[in-house]
Amino acid sequence: MMNPYIPVLILALFSALIAGGLLLLTSILGPKRLTKAKLEPFESGVQPLQTSVVRIPVKFYIVAILFILFDIEIIFLFPWATVFRELGVFGFVEMIIFLLMLVAGLVYAWKKGALEWE
Amino acid sequence: MSQKNERILSYLLKSIKYPGKQQITSCLSRRDTSVKKYASFKHEEKDLTAFLIFSTLAILGALLTVTARNPIYSVLFLAMTFLQISGLYALLQAEFIAIVQIAVYAGAIMVLFLFVVMFLDVKEIATEKNFHPIAPVCLILALVLLGEFLVFIFYKPSREGGLSETVTAVGQIYGTAENIGRTLFSQYLLPFEVASILLLMAIVGAVVLAKR
Amino acid sequence: MPYILCFTVNRFMSPIPLSYYLVVSTLIFFIGMLGVLTRRNVLIILMSIELMLNAANINFIVFSYYLNSLRGQIFVFFVMTVAAAEAAVGLAVIVYLFRNKNTVNDDEFSLMRW
Chain A
1 MMNPYIPVLI LALFSALIAG GLLLLTSILG PKRLTKAKLE PFESGVQPLQ TSVVRIPVKF
61 YIVAILFILF DIEIIFLFPW ATVFRELGVF GFVEMIIFLL MLVAGLVYAW KKGALEWE
Chain B
1001 MSQKNERILS YLLKSIKYPG KQQITSCLSR RDTSVKKYAS FKHEEKDLTA FLIFSTLAIL
1061 GALLTVTARN PIYSVLFLAM TFLQISGLYA LLQAEFIAIV QIAVYAGAIM VLFLFVVMFL
1121 DVKEIATEKN FHPIAPVCLI LALVLLGEFL VFIFYKPSRE GGLSETVTAV GQIYGTAENI
1181 GRTLFSQYLL PFEVASILLL MAIVGAVVLA KR
Chain C
2001 MPYILCFTVN RFMSPIPLSY YLVVSTLIFF IGMLGVLTRR NVLIILMSIE LMLNAANINF
2061 IVFSYYLNSL RGQIFVFFVM TVAAAEAAVG LAVIVYLFRN KNTVNDDEFS LMRW
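Protein chains in written order, with this note's numbering: chain A, 1 to 118; chain B, 1001 to 1212; chain C, 2001 to 2114.
Keep in mind the hints are simulated off the structure, nothing from the lab. Glycine is no exception: its CB is placed at the ideal position from the N, C-alpha and C atoms. Warning: the hint list may mix true and false statements.
[To be verified] Sample of chain B residues facing chain C (criterion: CB under 8 Å; computed from the structure):
1. Ser1055
2. Leu1057
3. Ala1106
4. Gly1107
5. Val1117
6. Glu1193
7. Leu1198
8. Ala1206
Start from the sequences and build out the full structure, keeping to the hints where you can.
In structure tokens, the structure reads:
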């Protein structure tokens, strides 16, 4: 019997091949006449203002936390969705309770102004 | 096998209800316990290769995570380790958990770490001293614990064999989303609802702490 | 020595034994513990804790496979939920500490108040 993970392997090999192959090809085939302008990081033709190492504002962190919230929510929804018919009304009610809890977290963050972007 | 061990094992077996119970108990009672004899399932030999690749890369990634100077490299190596561990899960037929590992660990948690590393002053951190001056002592202590673990894994209390020989029952259970869901939403209902409260607390705590 | 050789050769022909997985998870746990004990950067300490959690997760999955039980996998599911919550709050604490002390070196955080 064929291993069911063969397609995954093929996908991984292809993505590695494309990512690595393109990098390799450009470094082999492309001419290398380096000037000062070419060595600058590409910013669509605009002069770079600063280095890429900058401190990002902490607001992004709260957005990332909300992302985690919904990530976990989805992770719990997937197995629930596959057995939804078997569980019936009871399963529906328990998932609604779960979702209400997480929505309460979202509402709290909202009220606290975590989503404001002044 | 000593009396005490036998009691513990029988207790364990009683508490666990699974189809492979007979196999393990028969395994325990017999003298000769070569793995070949009792394995009733067939691993392809390719699986061992995959296992070796995954585990080597996982351990390598873990080592680089701990030793990297720059925290950004640490985060990326940690993500690599998590991906390899997800491969190990797939080998063990825990397919859904393997996907969850990628989505939660390599996806969400690593993004969070990366955000915080970017928030902190990267240049200053990278030039700091990495290790405590007492690191060698810690290494020795950790090595002692590692030795203890390895002894526990390979220890053979009697001719019946140790932990690794006695448990050689087979993986007939597939951790698909359906199976997980069926167990999760019937048997583990309370933990599931408690998890939502935990997440709510985490949100509130994080927002309170991170908001100025 | 011949025993070890026999052991190894035998294992290559047969299914992956439980002990292989246990050794891998032990090593990852060990590395994670080394990170917690020796590193000074609080962020990397938190990452090492995640490594140790993952080592425990591997054990859960391995035993669920070899014992034909789904319990270990359910447990890992909840461990992941807890890990996400822990990372969110732990990183928020680090952000808070960094704002107050302007460093992530754990030696600086020796006082309960400042």
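Evaluation of the interface hint that places glutamate 1193/B against chain C, nearest CB under 8 Å:
violated, 12 Å
Was the hint right that alanine 1206/B lines chain C, CB cutoff 8 Å?
holds, 4 Å
So, as I understand it, the hint says leucine 1057/B touches chain C; can you test that by seeing if any CB pair is closer than 8 Å?
With a closest approach of 11 Å, the leucine 1057/B hint is violated.
Does serine 1055/B meet its interface restraint, that is, does its C-beta lie within less than 8 Å of any C-beta in chain C?
holds, 4 Å
Chain C contact restraint for glycine 1107/B - C-beta distance below 8 Å:
Since the shortest Cβ distance to chain C is 10 Å, the answer is violated.
Valine 1117/B as an interface hint toward chain C, with CB separation required under 8 Å
holds, 6 Å
Minimum Cβ distance from alanine 1106/B to chain C below 8 Å?
violated, 11 Å
Does leucine 1198/B pass the interface hint, meaning its C-beta sits closer than 8 Å to a C-beta of chain C?
holds, 5 Å
Violated hints for the displayed structure, listed by number in ascending order: 2, 3, 4 and 6.
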